[in-house]
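4 protein chains.
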Amino acid sequence: MCRWLAYSGSSILLSEALYSPAHSLIDQSLHSRLGAETTNGDGFGIGWYGTPATPGVFHSTEPAWNDHNLRELADHVSSSHFFAHIRAAIGSAVQQTNCHPFRRGRWLFMHNGFINEFAAIKRELVLAVDPSLYPEIEGQTDSEVVFFLALTFGLEDDPPAAIEKAIGLVEAVAARRGVSNPFQGTIATTDGEGIWAFRYSSERQSRSLYYTTDVPTLRNLYPERQDLARMSDDARLIVSEPLGDVAGVWNEVPEGSCGIVGRGHDELRPFRPRPPTTAVPVAG
Amino acid sequence: MCRWLAYSGSSILLSEALYSPAHSLIDQSLHSRLGAETTNGDGFGIGWYGTPATPGVFHSTEPAWNDHNLRELADHVSSSHFFAHIRAAIGSAVQQTNCHPFRRGRWLFMHNGFINEFAAIKRELVLAVDPSLYPEIEGQTDSEVVFFLALTFGLEDDPPAAIEKAIGLVEAVAARRGVSNPFQGTIATTDGEGIWAFRYSSERQSRSLYYTTDVPTLRNLYPERQDLARMSDDARLIVSEPLGDVAGVWNEVPEGSCGIVGRGHDELRPFRPRPPTTAVPVAG
Amino acid sequence: MCRWLAYSGSSILLSEALYSPAHSLIDQSLHSRLGAETTNGDGFGIGWYGTPATPGVFHSTEPAWNDHNLRELADHVSSSHFFAHIRAAIGSAVQQTNCHPFRRGRWLFMHNGFINEFAAIKRELVLAVDPSLYPEIEGQTDSEVVFFLALTFGLEDDPPAAIEKAIGLVEAVAARRGVSNPFQGTIATTDGEGIWAFRYSSERQSRSLYYTTDVPTLRNLYPERQDLARMSDDARLIVSEPLGDVAGVWNEVPEGSCGIVGRGHDELRPFRPRPPTTAVPVAG
Amino acid sequence: MCRWLAYSGSSILLSEALYSPAHSLIDQSLHSRLGAETTNGDGFGIGWYGTPATPGVFHSTEPAWNDHNLRELADHVSSSHFFAHIRAAIGSAVQQTNCHPFRRGRWLFMHNGFINEFAAIKRELVLAVDPSLYPEIEGQTDSEVVFFLALTFGLEDDPPAAIEKAIGLVEAVAARRGVSNPFQGTIATTDGEGIWAFRYSSERQSRSLYYTTDVPTLRNLYPERQDLARMSDDARLIVSEPLGDVAGVWNEVPEGSCGIVGRGHDELRPFRPRPPTTAVPVAG
Numbered sequence: 028m029c030r031w032l033a034y035s036g037s038s039i040l041l042s043e044a045l046y047s048p049a050h051s052l053i054d055q056s057l058h059s060r061l062g063a064e065t066t067n068g069d070g071f072g073i074g075w076y077g078t079p080a081t082p083g084v085f086h087s088t089e090p091a092w093n094d095h096n097l098r099e100l101a102d103h104v105s106s107s108h109f110f111a112h113i114r115a116a117i118g119s120a121v122q123q124t125n126c127h128p129f130r131r132g133r134w135l136f137m138h139n140g141f142i143n144e145f146a147a148i149k150r151e152l153v154l155a156v157d158p159s160l161y162p163e164i165e166g167q168t169d170s171e172v173v174f175f176l177a178l179t180f181g182l183e184d185d186p187p188a189a190i191e192k193a194i195g196l197v198e199a200v201a202a203r204r205g206v207s208n209p210f211q212g213t214i215a216t217t218d219g220e221g222i223w224a225f226r227y228s229s230e231r232q233s234r235s236l237y238y239t240t241d242v243p244t245l246r247n248l249y250p251e252r253q254d255l256a257r258m259s260d261d262a263r264l265i266v267s268e269p270l271g272d273v274a275g276v277w278n279e280v281p282e283g284s285c286g287i288v289g290r291g292h293d294e295l296r297p298f299r300p301r302p303p304t305t306a307v308p309v310a311g
Numbered sequence: 028m029c030r031w032l033a034y035s036g037s038s039i040l041l042s043e044a045l046y047s048p049a050h051s052l053i054d055q056s057l058h059s060r061l062g063a064e065t066t067n068g069d070g071f072g073i074g075w076y077g078t079p080a081t082p083g084v085f086h087s088t089e090p091a092w093n094d095h096n097l098r099e100l101a102d103h104v105s106s107s108h109f110f111a112h113i114r115a116a117i118g119s120a121v122q123q124t125n126c127h128p129f130r131r132g133r134w135l136f137m138h139n140g141f142i143n144e145f146a147a148i149k150r151e152l153v154l155a156v157d158p159s160l161y162p163e164i165e166g167q168t169d170s171e172v173v174f175f176l177a178l179t180f181g182l183e184d185d186p187p188a189a190i191e192k193a194i195g196l197v198e199a200v201a202a203r204r205g206v207s208n209p210f211q212g213t214i215a216t217t218d219g220e221g222i223w224a225f226r227y228s229s230e231r232q233s234r235s236l237y238y239t240t241d242v243p244t245l246r247n248l249y250p251e252r253q254d255l256a257r258m259s260d261d262a263r264l265i266v267s268e269p270l271g272d273v274a275g276v277w278n279e280v281p282e283g284s285c286g287i288v289g290r291g292h293d294e295l296r297p298f299r300p301r302p303p304t305t306a307v308p309v310a311g
Numbered sequence: 028m029c030r031w032l033a034y035s036g037s038s039i040l041l042s043e044a045l046y047s048p049a050h051s052l053i054d055q056s057l058h059s060r061l062g063a064e065t066t067n068g069d070g071f072g073i074g075w076y077g078t079p080a081t082p083g084v085f086h087s088t089e090p091a092w093n094d095h096n097l098r099e100l101a102d103h104v105s106s107s108h109f110f111a112h113i114r115a116a117i118g119s120a121v122q123q124t125n126c127h128p129f130r131r132g133r134w135l136f137m138h139n140g141f142i143n144e145f146a147a148i149k150r151e152l153v154l155a156v157d158p159s160l161y162p163e164i165e166g167q168t169d170s171e172v173v174f175f176l177a178l179t180f181g182l183e184d185d186p187p188a189a190i191e192k193a194i195g196l197v198e199a200v201a202a203r204r205g206v207s208n209p210f211q212g213t214i215a216t217t218d219g220e221g222i223w224a225f226r227y228s229s230e231r232q233s234r235s236l237y238y239t240t241d242v243p244t245l246r247n248l249y250p251e252r253q254d255l256a257r258m259s260d261d262a263r264l265i266v267s268e269p270l271g272d273v274a275g276v277w278n279e280v281p282e283g284s285c286g287i288v289g290r291g292h293d294e295l296r297p298f299r300p301r302p303p304t305t306a307v308p309v310a311g
Numbered sequence: 028m029c030r031w032l033a034y035s036g037s038s039i040l041l042s043e044a045l046y047s048p049a050h051s052l053i054d055q056s057l058h059s060r061l062g063a064e065t066t067n068g069d070g071f072g073i074g075w076y077g078t079p080a081t082p083g084v085f086h087s088t089e090p091a092w093n094d095h096n097l098r099e100l101a102d103h104v105s106s107s108h109f110f111a112h113i114r115a116a117i118g119s120a121v122q123q124t125n126c127h128p129f130r131r132g133r134w135l136f137m138h139n140g141f142i143n144e145f146a147a148i149k150r151e152l153v154l155a156v157d158p159s160l161y162p163e164i165e166g167q168t169d170s171e172v173v174f175f176l177a178l179t180f181g182l183e184d185d186p187p188a189a190i191e192k193a194i195g196l197v198e199a200v201a202a203r204r205g206v207s208n209p210f211q212g213t214i215a216t217t218d219g220e221g222i223w224a225f226r227y228s229s230e231r232q233s234r235s236l237y238y239t240t241d242v243p244t245l246r247n248l249y250p251e252r253q254d255l256a257r258m259s260d261d262a263r264l265i266v267s268e269p270l271g272d273v274a275g276v277w278n279e280v281p282e283g284s285c286g287i288v289g290r291g292h293d294e295l296r297p298f299r300p301r302p303p304t305t306a307v308p309v310a311g
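Chains as they are written, first to last, in our numbering: chain L, 28 to 311; chain A, 28 to 311; chain R, 28 to 311; chain U, 28 to 311.
FYI, nobody ran anything at the bench for these hints, they're computed from the structure. Quick caveat, the model's predicted, so the values are computed rather than measured. Any given hint could turn out to be false.
Pairs count within a copy or across copies, as identical chains cannot be separated in the list.
Said to hold, decoys possible - Here are the simulated SDA-like cross-link-like pairs (lysine to any residue), alpha carbons at most 20 Å apart as the crow flies:
hint, residue 1, residue 2
1, K149, E163
2, K149, L57
3, K149, R296
4, K149, T179
Construct all of the structure, not just a fragment, from the sequences and the given hints.
Next comes the structure, spelled out in structure tokens:
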């Protein structure tokens, strides 16, 4: 499917998160261990926050493992808050407009997974997108449609509620059309301050998702490690597949959960899709 | 905007039409004389008919003038019926799914021009596409939406009527939304036998369109030319901008016309958009 | 490293050889079983002979598994003689000028393998290329340098002797510079009529290479198979990794061998590098 | 040929120099006024200095005018010292390894122009490159060979002397081979502190080159302009073609000159190629 990584903490070069760890995200583009596909070579994207109000986004259709521009960017751009995503296309074209993370204003959004039988329900889902947002849909992917549904349902005000409604709508439409197990995957979204990460699938066998133990605990575990000494107390990585293999670092996000990072506290709570209460139009 | 070329006649190497003439289509990618833009460097496409039932399509995001693969293909593929298109993007991304000619089954379609204020009426137009066709829309362009509207309105049975309804719908929706001069351009479509070429704009100041004089007449004009001796009697080129500058070769398609080539006879007739008689749904 | 395929026989659509077989070459771009690398996603190339004197060449930097243009070309171009190659880059850039097959005049050349510590001996090898050929070197790869050395040593007159001298020179220069196991790999070259395929490595542990049993024998083995009935008697595939898993189809080319296909007879003979007898200049 | 821009001064977003000015460099990629070619659509590159010791480099084969990644980078990366280059290829491939600026260690180098009949003298020039540097040549261009000749002749110690020797060698080899007017163009090189800019052609009709008036003078001329108030006193732009059309801003670098910016003082001095005193080897 895909693999992704979300970082928040003290400012670091992107390459410290993307390339340095053993079994790094870039390694996973060639050899993923836990992914539904072992190769994620159908493009990639990064989104990072810096001085300007909106995040920068870099999308490429080349495999990440051999992309010189990604290496240059990662070695020369620092950020305290960024997303990275490597893609394994299923059906849709390898083109920049299909690359994650998607952006609108201050918001980034990325997804590892899929909507089952998307072609059968795409029209009805796209119809439910706010007409004023509709012209901004740029690519072909199910993931981008979920993003625009979440924007329609208030992502910028209450991300968990908006994602619950978006996936709730996907499941409601799918039920009506006889599509089984409609949603699969993990999602991350951010406004540059908080990160909201979701793990959910209609069949309750979701793609993997991990987050790092808090840094003070890790420092106690590994008092000799210099890299931990340099990290800020609130630094967090959330990844679809662990980087490196240091014991005690990685914790699995439970099935059907939403993890919230930043804004003063971290939180893990249950995630349950709920279709929007307004009637969903039945398209011709 | 764009430039295009349609050929029908005896089988020739694509390069004979694309590269050989003075001021060839490939030259026009760098230096168009009559185009709204002088540079058409945002990708290109060719579609050609051969032994298989459906035409082959080659789309590239590179400027045509320096594309080695296009040169190779043109020098090694022969066809008796093909389309070529070079693109100057206005707003939409430079990606293969936005490149003309578009294809469905045996049909090819290409367009030079635009829908005015497309973002304002895109949703309503897309809603009018047959729901069973909707999932096949691949790109972002106004041109592809016109193609799918034409398919919805019976392109495969009666191309002029279908294009009349498609552009009629564009004009009807635009009128309701207060968009002026909604359609501009020239269109070519083919099923591998006939070619239908259209020149029309709502403001009656359409992009240019030319077709070649019939070959027997040209042979009388230029009895010494070997290239004409080799050509079949029924060979025709239709282009958005003349190639070469030999007197007597090029004839302008009149404003508001449809030209039909092949299937035993050629014909030039008036073109007038007419909105589909079935009520157009007013989208929310 | 890479994977390749060479076909000679009755004219077929390229897709019949590239896509149709189980475990096809295009499948191998994502999941090679025998390759030194399991992913060959750093571009690909095809070279095919048709009506023009020189073969057509199509090179792409995209992974073959998702390339629409390759699929279109393969579905619409027929040839009785063609090469295909998928690449796993080691060190050099992913760019069209590094894609195989390389072409000069009527000749094609492709390679799966590498020159060990190429940077250390590249200059001396390039100096040995005929100065009149030197400006035609386009890319960065060790493979292309071997091709130009072979051209320098008479590839067009006696391919086995020229390849023997080219690899002999590589080994001689490497010995002087203290580079061990300098050459590894399999090579195929053709003038559009014969195919010469080589399997050799300095350490005598060469990349795999297979050729198909002759068609009449296969027809006796599988009298019910329609595809064999359609094939010409002289059809041959040579591949770096077997396609499909039908018993009796694939024969391994022995270590240190040269196989010759076409021109009336097939032949398998020992391959032994021999440095060119003219003194090799010792570059500063 | 090409167009380029070099900036040194207070830290600014790259987009302030690349996109904001009227008739900006990115505009010039589509519509150059003074260039030998009006379209510079064969790729581009930027090189920028930041926290790490070596500059970042971003190379793309897409036309700059429609490249989303360039726009993102320019809008989100700030630097006090950067180069930008847009390319019009003449002969060599459109690939990242042919894009300027070229980099080695802390140094960047870019060129607008060409070596006449490069194929005829390329081998001899490449032979003159220090053998330890030779394997680092990545692309096919004449410009990169001039960079490596300059590195060979001491670019890192005395840039003007090294460029004088590099171009002196080009002219000496060309004279021996009967190539007239061998060098044409403008060059910029930097170590992240100084900028050395050269305007020279063997025929004394060099590509154009301009530098900005010093900022204090401009502030006196235009006391009301806020952008000048924000700029540091030592800010300079050097460009192959003026941006905007404000009187008093742009000064032409004289024919056959070298301009030096930074390191405490600016300087303009004559440039005269001089072949290296060590004998140039005459290659076979």
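Which hint numbers doesn't this structure obey? Hint check: 2, 3 fail, others pass.
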